[in-house]
Structures are given as structure tokens and as C-alpha cells.
Amino acid sequence: MIQVTADVFSGRPNPTWEIADASEIRSALSELASNRGLLDSRAAALDGLGQLRGFHIDIHSDETAAEFDLGTSVFVPLSADRGDGRLHALAERLIGLASANGVAAGAAARGVQAAQVIAHADLQTFLRDKLSRETGTTAPDSNRSAEAEAASAQETAAVTCMVEFGAYNPGFWNNDATVRTRNNCYNYASNKRTNTFAQPGRGSGHIYTAITCPAVSKAALSDGLHQRFVCFPDSEKPRYLVALVVAPGPGFVDFHWYRKNSEGFWSHKPGGTAVRNVDNSNRIITDPATCNRGPYTQFCGYFYTCKSQRIN
Amino acid sequence: MKVELEIYSGQPNPTWVLTHDEVDELNLRLARLLVRPSAGPRGEPLGYRGLRIAAPTVGESITIGAGVVERIGQDGSVRQFDDAGRNLECWLLRTAAGRLDEALRQLGIADIGSGCG
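Quick note, the sequences are listed as chains V and F, same order.
The opening position of the first sequence corresponds to residue 1 in my numbering, with each subsequent residue numbered one higher.
The opening position of the second sequence corresponds to residue 1001 in my numbering, with each subsequent residue numbered one higher.
Rather than coming from a laboratory, the hints here were simulated on the basis of the structure.
Here a beta-carbon is modelled for each residue, glycine too, at the ideal position from N, C-alpha and C.
Facing chain V, a subset of chain F residues (Cβ under 8 Å, in silico):
1. Tyr1008
2. Asn1013
3. Glu1044
4. Pro1045
5. Gly1047
6. Leu1104
7. Leu1107
Hey, can you work out the whole structure from these sequences and the hints?
Here is the structure:
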């Protein structure tokens, strides 16, 4: 088991949660180990009041700590994230692991009364909001942008939705063979690891009935995604901008997803292979609508994912 | 032993199973491959990428494509071998005849090119 404490409050006790799932623990510790150069126990004292300063990780087994060559207590300082977003991505993961049971268990372990336990969803929203304020990953996505205006001569109502752009963090998906091979493009675009090779619509019980743009789009919308410019509220953070494409055949029929990152490019995960930010011509992807997609020649459109997305 | 056609992104890849005789021949063919200096990870584009074989020995996986065979150990170690003429890849695709969607099998054969039919 590992215990995570968000270093955010000054007077009140910091929120704490526990992670008991063995595969989640291994995945989190592997990420920590690969970023060990950024871990700095002095950083907590350097940061300001009222900010999310970082996360204390307590590893409850010295054998586990030794396996990953980490101490039994590690601090993840967000101030050490110098623009490549790796610590921000790790922070997103740790917040996402604050499950209902974990929060309650963590609070109980510290003798906190039930009424004082912050609902896990509220805690996640609170911490994600802090994280995005301090790292600037929430951004407007407007249909009045130059490219949208150029694409449509028709006058349309101005719509601006707020979305999140996660940092490009291929290591989380690539370093562990199980994670790499059991998660696909839909998992990666949604930034939700299920280890089930997730299929659009399966999580909501309405899996696609054909592999066409309309059918796969309908299945994804059933899981909770929105078409681009149909905004989600802040309570649905993180809201990622993703794109769907289809290989129409003949002979080869499949679907594929891309996700936009905070660095400005797009990235994707072709099936059980590694995450990358380049297309079939080995060029950085600036727009999935125009990049080299091999046989995935039909561009279906852009969507937003959301926190309550049902994915399996 | 199961062979996976590395081709899809969204859907699970199609697979077929080798017979005992085919597994014996595969092991012979693998043993004859020449080691090559590692040239970094293989390119893995959208569309046909090659073949993957799981667990010939415990925890190991083998990927075959674009003239390179990669043996990835349980500890993550990677050894690369030359698949000269893409002969091993072609032979494996021939074993898939009648056991795999023919249109998909032909995509792999077409990727290898002349001499594999």
C-alpha cells in the first residue's frame, strides 16, 4: 500500500488517500522512479501559501521501496516541473487515484471524523483546479479561431469551451509492457487506463454496431463524450480535446483516436504499441485532420472527453 | 502458440494459432537469425506493422516486422536480429492462410512485396 498526501493546506490537515491496488502502485512507483531526478525534499518549504505545492508519497513496504530504488517517503515537488510537464502528468495520475475508498481509508487512518472527510469527487475537482491554475493547462477552445473561420464562410454563433491539455507523458503508457499492450488509442485519448483495450460504447452498454464515422461517434457520445464546442462544466475536468478517424476499407476497417497535449502537438497510441507524437511520415502532429494517417483516411471530427466518461 | 497480426489501433488485433510442427520450425528459424546492433525501436505506423508472438519462453515477447526481429525479455531487455529478406515474417504469414481474414493477410504479404505470396 502507498499513502498520498497533497501538500496544499497550511492550517488544516492536508488531504490524504491510500492506494491498495498492486498494479496501480507499481505503475505510480515506476513513474516516480523514472522521474527521480526531479524529486527534491527541499521544494516544499520553498513554495507559497494556498498553492498545491506537491505530494508526499509514503511507501508502506521497504521491499517495494527498494525494488524501485526509492526511499520509503518521497516528495513530488510541483515547482520542479520546469516546462516538460512530467511532474504535472504524474500529479494528474495521483489525483486520479484518490478513489472513494482510498480517501475514506486515509482519513480513518488519521482519526478524521466521517463528516470531515472531503468527498473524493470534490477533492479531485479541488486539486485539479489548483493544479491547472498553477500550471496553466486549462485553455479556451473557441470556434471563432482563425482556422474555424477559414473553414466555414457561414456565420456561426461564437462558442468558447474550456478544456484541459495534459502534458505529453509517453512513459506512463510505454514503459510497462502490460500497460502498453492492454490499452489502445481510445484509452490513450481519454487518458484513462483500463487494461481492457477499451471500445467506444462498451462502457455505456452501447458499443458501435459498425466501424463508420457516425457509428463510432455515436458510441463515444454514449460513453459521455461531447462533440467539440458542446461545452462541459468545470466539474467535468479534465476535458481533453480528442479526434476520431476511421479506416474505411476495403479490406482494412478500424477506428483511431488522437489527443491534443499542452505542448501544442497531438499524440496517439496505435493499438498495443507505444505512444508517439508523430504521424506515418514521422512528422510531429500539428493537426490530426491533415497529418499522414495511413489507411485511416476518413476524419470524423473533434470531441471532448470528461471525468464522468464511462470507458471499458 | 498464438501469433498476432499487428494491424489495428482501436480493435483487438486478429490472431491465429501455430501447430506443434510450426512451433518447432519457428524455433529453428529463430535460432538461425543473426544478431544485429540495436538501431532503436522499430517504427510502428498506423496500419500493418508486422507480427507479435507471445511467450515462446515465459515472459518473453517477439515482434517481427520491416526486416527486424525483436526479442523483449520479461526484464525489458531487447535483443534485435536481422530477418533477412523478411523470410520469417513471410513464412509466418503463409501459416495464416485459411486461419486469418484473407484480406488482412494479403495486406501483410503486400507490405513484404515480391517473393512472398
